[in-house]
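Chain C is fixed; fit chain L onto it per the hints.
In order, the protein sequence lines correspond to chains C and L. According to the working numbering, the first sequence is numbered sequentially starting from 1. According to the working numbering, the second sequence is numbered sequentially starting from 482.
Please keep in mind that the hints were generated in silico from the structure rather than gathered at the bench. We treat Cβ as the ideally placed atom computed from N, Cα and C, and that holds for glycine. Hints should not be assumed to be uniformly reliable.
Negatives, chain L to chain C, calculated, CB over 12 Å [what the hints assert, rightly or not]:
| # | residue |
| --- | --- |
| 1 | K495 |
| 2 | F565 |
| 3 | G656 |
What the simulated footprint calls covered on chain L by chain C, stretch by stretch (three residues with Cβ under 8 Å from a Cβ of chain C suffice, anywhere in the stretch; the number is not a length) [said to hold, decoys possible]:
| # | stretch |
| --- | --- |
| 4 | 557-564 |
| 5 | 571-577 |
| 6 | 585-592 |
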Amino acid sequence: MAYTEEELKKELETKEYEYGFYTDIESDTFPVGLNEDIIRAISKRKEEPEWMTEWRLQAFAAWKEMEEPEWANVHYEKPDFQAISYYSAPKKKDKYNSLDEVDPELLETFNKLGISIDEQKKLAGVAVDIVMDSVSVATTFRDTLAEKGIIFCSISEAIKEHPELVRKYIGSVIPPKDNFYAALNSAVFSDGSFCYIPKGVRCPMELSTYFRINQAGTGQFERTLVIADEGSYVSYLEGCTAPSRDENQLHAACVELIALDDAEIKYSTVQNWFPGDKEGKGGVFNFVTKRGICHTNAKISWTQVETGSAVTWKYPSCVLKGDNSIGEFYSIAVTNNFQQADTGTKMVHLGKNTRSTIISKGISAGKSQNSYRGLVQVNPRATNARNFSQCDSLLMGNDCGAHTFPYIEARNNSAQIEHEATTSKIGEDQIFYCNQRGIDTEKAIALIVNGFSKEVLNKLPMEFAVEAQKLLEISLEGSVG
Amino acid sequence: MLTVKDLHASVEEKEILKGINLQVNPGEVHAIMGPNGSGKSTLSTVIAGHEDYEVENGSINFDGEDLAELDAEERAHKGIFLSFQYPVEIPGVTVTNFIKTAINASRKAQGLEDMPANEMLKKIREKAALLEIDSKFLSRSLNEGFSGGEKKRNEIFQMAMLEPKLAILDETDSGLDIDALKIVANGVNKLKSKDNAVVVITHYQRLLDYIVPDFVHVLYNGRIVKSGTKELAHELEAKGYDWIKQEHA
Chain C
1 MAYTEEELKK ELETKEYEYG FYTDIESDTF PVGLNEDIIR AISKRKEEPE WMTEWRLQAF
61 AAWKEMEEPE WANVHYEKPD FQAISYYSAP KKKDKYNSLD EVDPELLETF NKLGISIDEQ
121 KKLAGVAVDI VMDSVSVATT FRDTLAEKGI IFCSISEAIK EHPELVRKYI GSVIPPKDNF
181 YAALNSAVFS DGSFCYIPKG VRCPMELSTY FRINQAGTGQ FERTLVIADE GSYVSYLEGC
241 TAPSRDENQL HAACVELIAL DDAEIKYSTV QNWFPGDKEG KGGVFNFVTK RGICHTNAKI
301 SWTQVETGSA VTWKYPSCVL KGDNSIGEFY SIAVTNNFQQ ADTGTKMVHL GKNTRSTIIS
361 KGISAGKSQN SYRGLVQVNP RATNARNFSQ CDSLLMGNDC GAHTFPYIEA RNNSAQIEHE
421 ATTSKIGEDQ IFYCNQRGID TEKAIALIVN GFSKEVLNKL PMEFAVEAQK LLEISLEGSV
481 G
Chain L
482 MLTVKDLHAS VEEKEILKGI NLQVNPGEVH AIMGPNGSGK STLSTVIAGH EDYEVENGSI
542 NFDGEDLAEL DAEERAHKGI FLSFQYPVEI PGVTVTNFIK TAINASRKAQ GLEDMPANEM
602 LKKIREKAAL LEIDSKFLSR SLNEGFSGGE KKRNEIFQMA MLEPKLAILD ETDSGLDIDA
662 LKIVANGVNK LKSKDNAVVV ITHYQRLLDY IVPDFVHVLY NGRIVKSGTK ELAHELEAKG
722 YDWIKQEHA
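Here chain C stands alone, though its shape is the one from the complex:
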């Protein structure tokens, strides 16, 4: 074989986080700590209307009464919420008219990440709204979208320019009191993306957003709101990378999707936050609330490839409110070294003839722990609800763990619920077989892992699928002896 176990371990140790660099940009950062004054200041800085400020303050009041959840299968030192700065914006003039006015160092950062705006512009059919720390710095293709009546902008802008839409829908799927992190996000969210697709419009391009944590000690609290009006369609891509840091960084985002009658939303994520070093030091805490609501005949698909973060707590869910609505969840979660992931989904069947599909692929290596946690809930009114769940785990080595916690609550006798689960291990015989055919061990692992993940990778838009495959390979480099 290509490596002895010792050599592999050594290689793993010397492998640095690929995107682990830090950009020195003068930032406009608030003092650490959280109180009503800070929240008012965030709201004021963003020139928000009074109702938004009030909404934040109510969320903050709720949050103060809440406790950080402990039921997930993850163990970490709880963040000190008073030691975090809740606002950080790259310093800038009022608004950029062209790329020339953007901080050259910021552009350099994008270049390092391989997502330069120039490149993105050329990429056929991809509009990019980039969130650098907390403030949107560039939005492209907006004119093309505007022709169709599609609104794609930062949530701050939407609050100012489309208050009626934001006010109607924000918090409608994830109420501020929903959970500890959602409440925190509601109080302090700094920016994020907003998208509205008008009735009957099919969004002609994949919408994508890149997030990035840049400022040391700065939590990032994005808020994303996607509204697909009746009969519309949108595919939304979200990708994340983050530079390495010594201290833990908190990331508590909220994503709300609203699919009105006959609408369809496809939401794809590739997540690669800094996972911590080989001793499990540092790394991002990723506590995310993602939920969508489906009205009559509507469909929401969540597809995620999770390779990063030290601790992940994330359950993209669907509330199938309307009759005949469909919810889907396709997930690949990779953990290596000391990473911990507790992820899965909730499918809440409220309407008649509602259907849901869950395909979860967990890959654990090193000393990591990977848990799937899912709830399928069929309510009394949901006649003929159907669910199919499949949870597969792949283990690499002997020190990692895979766990499955499927919950089923069926309150209607006509419900059909299927659950399948498998656990397998990459075998030495598989590796030797590949070696004998001339394929080295690293490539063999990539081949086996990609084969294992295929059903989910196939659900990603093309350009994302390629990126995701690369990420899987990078994340698992040197993980089998």
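Positioned in the frame of chain C, the structure of chain L alone reads:
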């Protein structure tokens, strides 16, 4: 081409091969026969370079090069192919994708670019036809849910695609019905040339009716105890292995 000298090999500290000598030249077909547990599969696995097997003594030389320091994939790049007795399943990886990856890995090792897609496709079609393989088969996950016969045919298909200098067929006849056996043997015969060599490992004479060996060796208790021509295989078929065991008890 292949020179094995006084090869002693062990697995988990148990000595299995106890001094093997074997010379295989280009254009030759060798058959290695012997009762269960005599070390036949160990010999093929050691030649292929499995790291769990420790070579305690002796050497394996291939095309003038000592293989001792070469990993399994490097031996494959040099043209050694092993048709496995129990081919493994790789879910989600199609037969086509797997063979494409294997071919391009060997090409890369030789400093060549990836094989162009149209060339690859042409070759796949040609070799599939040779082994009477249906195109649907090629898009299935490697060995997943394959019958015993399909697995073996897939091994020979990979051999046809990779065009090795030395092919070791480990119990390729087991699990094959007579029709499949003929197709596989026919494929092997068509791939044979004066530049390559085949080592057939088998219990039974049956396969040797179709792949006719130039030399037959009997492996017993980790040593080659008897060598001869194809008549030796017939003799073994008629008399069984007991007389060999008695001679070397």
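Okay, the hints, checked on the actual structure:
Every C-beta of chain C lies more than 12 Å from that of K495(L), the closest at about 18 Å, which supports listing it as non-interface. Remark: the non-interface label on F565(L) conflicts with the geometry, its nearest Cβ contact in chain C lying 7 Å away (cut-off 12 Å). Distance check for G656(L) against chain C: the nearest CB is about 17 Å away, which clears 12 Å, and the non-interface claim stands. Counting residues of the stretch 557-564 of chain L whose beta-carbon sits less than 8 Å from any beta-carbon of chain C gives 4, enough to reach three: the coverage restraint holds.
Chain C is given as covering the stretch 571-577 of chain L, and this holds because 4 residues of the stretch bring a CB closer than 8 Å to a CB of that chain, at least three being needed. Counting residues of the stretch 585-592 of chain L whose beta-carbon sits less than 8 Å from any beta-carbon of chain C gives 3, enough to reach three: the coverage restraint holds.
Comparing the model with each numbered hint stated earlier shows that hint 2 is the single one that does not hold.
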